[in-house]
Amino acid sequence: MLEKEQSVEGAVSESLAMACVRGLARRANRVALIDAGMGGRKVKAGVLFGAGLALAGRLRREVSERRVGIVLPPGAGGAIANLACVLAGKTPVNLNFTSGRAASESAVRQAGIRTVMSAQAMEEKLGDHFPQTERKLDLGVLLKEEKRKAIVWSVLALILPARVLARAANVSTAGGEDEAGLLFTSGSTGEPKGVVLTHRNILANLRQIDGVLGDLELKS
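Each residue of the sequence shown is one higher than the one before, counting from 1 in our numbering.
In case anyone wonders, no lab produced these hints; they're calculated from the structure. Please read these numbers as outputs of a predicted model, since none were measured by experiment. Ideal placement from N, C-alpha and C gives every residue a C-beta, glycine not left out. Every clue listed holds true.
Here are the simulated distance ranges between beta carbons:
id	residue 1	residue 2	range
1	Q208	E177	13 to 21 Å
2	G112	R61	18 to 26 Å
3	G127	Q208	33 to 41 Å
4	E177	Q120	36 to 44 Å
Model the full assembly from the supplied sequences, consistent with the hints where possible.
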């Protein structure tokens with residue numbers, strides 16, 4: 001839920017990354033998502049925040065390009081991967097792995113994607129249909145390697161203000177009309193077409209959802 005005291009203009013002009021930091025840190029002990037694919041596993045906001053920041057640091061160090069492909073189903077893993085990209089100042093590009101190899105290759109080519117984040121199980125499941133890029137990052141491996149940092153950030157989320165956390169993690173406060181996401185059409189009638197989403201686009205949609213649903217508490 002976006003901060004109530006912010007003006008509408010302020011809420012949609014900041015960066016998506018800063019909005020994520022503020023929302024997750026303020027509700028660190030609340031359940032942020034429930035992963036039906038993992039037996040209804042509950043993931044608290046602080047845990048999601050810690051994992052996202054730990055992976056964001058890794059992405060900043062190892063990935064020079066702006067756009068990062070993501071090949072993961074909806075769930076905790078996909079949420080962490082997208083959050084990490086946003087916090088790192090990268091543009092997450094969720095590739096539709098159900099659209100076929102030609103469509104995936106077209107999206108990779110059009111977006112200039114050199115790095116894709118996925119999981120070993122996904123690569124094995126898709127086989128030849130898995131998007132081919134210069135580099136593949138296994139989310140499970142990254143989470144294990146960055147586990148200690150993720151725990152530290154999760155604890156800090158409980159005690160430090162959002163702006164202090166953002167500065168410590170080098171989270172960008174720039175947003176507005178900058179690119180925050182890239183979506184591709186299914187490509188059923190030709191090559192898939194990319195649609196750029198700005199920080200303002202996404203935050204405006206979140207503001208509208210927030211106005212209807214309010215501060216919901218997830219329950220299994």
